[in-house]
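Student: The primary structure of each chain is shown beneath.
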Amino acid sequence: MPDATGLELIAHELREANDGSILQTEFRRGRAVLEIAPEHVPAVLQQLHDKGYTFLASLHGVDYYPDEPRLGVLYELMDMREVDRISVKARVSTEDPRVPTATGLFPGANFPEREVYDMFGVVFDGHPDMRRILMPEDFEGFPQRRDFPVGGEPVLFTYNEETGYGKDQ
Amino acid sequence: MSALDTSTYRQREESITYQAESAGMGETHELLTLNIGPHHPATHGVLRLLTTMEGEVIRDVKPIIGYVHTGIEKTAEQKSYWKVIPVIERMDYLSYYFNAMAFCGAVEDLLEVEVPERAQYLRVIHLELDRIMSHMVWLGTSALDLGAISMFWYCFRERETILDLFEMSSGQRMHTRYFQVGGVIEDIPRGFASKLRQFCNEMPTRADQYADLLEKNQIVLERLRGTCAMPAEELLKIGVTGPLLRAAGNPWDLRKAAPYSSYDKFDFKIPVGTVGDNYDRYRVRHAEIYESVKIIEQALEGLPEGPFITPDRKVSLPPRHELATSMEALIHHFKLVTEGFRVPPGEAYHAIEGPRGELGCFVRADGSGKPARVHMRDPSFTHLQALAPMVKDAYLADMIATLAMLDPILGGIDR
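So the protein sequences, as listed, match chains B and F.
So in my numbering, spot 73 of the first sequence is number 71, and the numbers just go up one at a time.
All you need for my numbering is the position in the second sequence, starting with 1, plus 1312.
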């Protein structure tokens, strides 16, 4: 992890290159987080990539309900030479959940972005194949959102495929 | 963004034809769409592969997943932290100790709890046993895919020995719930150490025997050597780590690069390959078995005395005998069992080296007794993306071998 000062230096550099890209920095318990504006995702990731953070370890969504903007997309980047991790966070609202894709820079972001779309409904603009990945294609709603209830749902068989979920709601 | 209604979904399903169709290539050449799975012994789980083939050569593969999606990440949000461990172990059902370790590590980061050294050593012993166990299942089933049936029985014999050891230390053969936040649930029982030593003496000989059976076998060699190689840079772009990356010559291993749980105290090597073909992938995993045995022997030799779980009573259960004499212990016990412990708000991402690669757990705590988000970065999920570029323009038989060497666990992919 970069230390608190290192994180501020990185944030400062990114701010200089892209005005308004860094909204906030957070350093806690050894974890460095850059909160950025969603539209700046590709530019910031590219700059961090140039600085050595070339490995996208993980990409996942978070629902910060009831805080606004509710949804968050987290990129866990890693510098493999320095063994240094940094997290990039982009927050979007549920009304307009759009984030530019990172698949151009990291082809491995393909499946994780589809999973975030599947579970949270965040649409990644420019993604080559923006479809559900784990849930059935005709599933309604985004199950990992905090306001999505846990509980039974009708299972689709031939006898209720016309009246089951996705039809009469 | 609106979901498809049922009829459109049906139409899409029905629009997939399994007939040979000419794709503007004349009457002698045509592309064939071949559906493999979701139920097929060579897919190592419920994985469906939609392949486009030209003759016997694969031009495109689309993995279709989600058949065993059980919403474990959602379930974990409904449970108190210590009750999450049993469900999270069921994600990647071969590396349950690793799943628990990643989750416990993330929660320990948030709580800032120190894990006693004895607990760290006990964790290492079980993690490395689990790694061998996972590699045993991989080796047995992969050899089965290549047509070597006897390997399967030999590998599962060793796996049984390891499961017996797990049963000894925790009472369960799989999904043991042995790792707890702050340490492990119980010390190892009497007789465990001698049984483990016996296993450590036997295992390298067994691994030698596997090598004798496989590495002089012409069929295995021809199916593995030089097939579906991928350079390390390509793998890293896709996010591939673990034995697959090491097979391509990059010695990246989190146990060495960012040691956790006392891994820096053990002397072990990281096997690497040279070209990154299927044979290297096999050799790297096979060599890892020896290294894991070495780590277990050292951990057992140097097992320090002391507590096996953190003495912090806000996190770990008090010892049973204290309940009869101490009111305070009884209160702590009651609070922990009924509502669990609370974790201060924050986020943590804890990554460890699983048998398949970087296994990371992201936990977001909101200050309550239940996690607000749990996400597992499962290596199988990421690695499956590498299948299509690996097998492009290879033969169908090579894809079966590549999938076996990729070692995907569908429970981990679908979660």
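Calculated from the structure, these hints are not laboratory results.
These figures come from a predicted structure and were not determined experimentally.
Treat each hint with caution, since some may be false.
Heads up, simulated DSBU-like pairs for lysine-lysine below, C-alpha to C-alpha not over 30 Å straight-line [said to hold, decoys possible]:
| id | chain 1 | residue 1 | chain 2 | residue 2 |
| --- | --- | --- | --- | --- |
| 1 | F | Lys1647 | B | Lys87 |
| 2 | B | Lys87 | F | Lys1507 |
| 3 | B | Lys87 | F | Lys1528 |
| 4 | B | Lys87 | F | Lys1386 |
| 5 | B | Lys49 | F | Lys1647 |
| 6 | B | Lys87 | F | Lys1395 |
| 7 | F | Lys1549 | B | Lys87 |
| 8 | B | Lys49 | F | Lys1549 |
In silico negatives: residues of chain B with every beta carbon more than 10 Å from chain F [unchecked claim]:
| id | residue |
| --- | --- |
| 9 | Arg13 |
| 10 | Gly18 |
| 11 | Asp48 |
| 12 | Gly50 |
| 13 | Ser56 |
| 14 | His58 |
| 15 | Asp61 |
| 16 | Glu66 |
| 17 | Glu74 |
| 18 | Met78 |
| 19 | His125 |
| 20 | Gln142 |
Positions of the beta carbon are idealized from the N, C-alpha and C atoms, including for glycine.
Student: All hints, please: hold or fail.
Tutor: Here is how each hint holds up against the structure:
1. F:Lys1647 <-> B:Lys87: violated, 35 Å
2. B:Lys87 <-> F:Lys1507: Status violated; Cα separation ~48 Å.
3. B:Lys87 <-> F:Lys1528: Since the Cα atoms of Lys87 (chain B) and Lys1528 (chain F) sit roughly 51 Å apart, the hinted pair is violated (cutoff 30 Å).
4. B:Lys87 <-> F:Lys1386: Distance ~21 Å between Lys87 (chain B) and Lys1386 (chain F) Cα, so the pair holds.
5. B:Lys49 <-> F:Lys1647: Violated. Lys49 (chain B) to Lys1647 (chain F) sits at ~48 Å, over the 30 Å cutoff.
6. B:Lys87 <-> F:Lys1395: holds, 28 Å
7. F:Lys1549 <-> B:Lys87: holds, 20 Å
8. B:Lys49 <-> F:Lys1549: Distance ~16 Å between Lys49 (chain B) and Lys1549 (chain F) Cα, so the pair holds.
9. Arg13: holds, 23 Å
10. Gly18: holds, 24 Å
11. Asp48: holds, 15 Å
12. Gly50: Answer for Gly50 (chain B): holds, closest chain F Cβ roughly 13 Å.
13. Ser56: violated, 4 Å
14. His58: violated, 4 Å
15. Asp61: violated, 7 Å
16. Glu66: holds, 15 Å
17. Glu74: violated, 5 Å
18. Met78: violated, 7 Å
19. His125: holds, 13 Å
20. Gln142: The claim is violated: Gln142 (chain B) sits with its nearest Cβ about 6 Å from chain F, within 10 Å.
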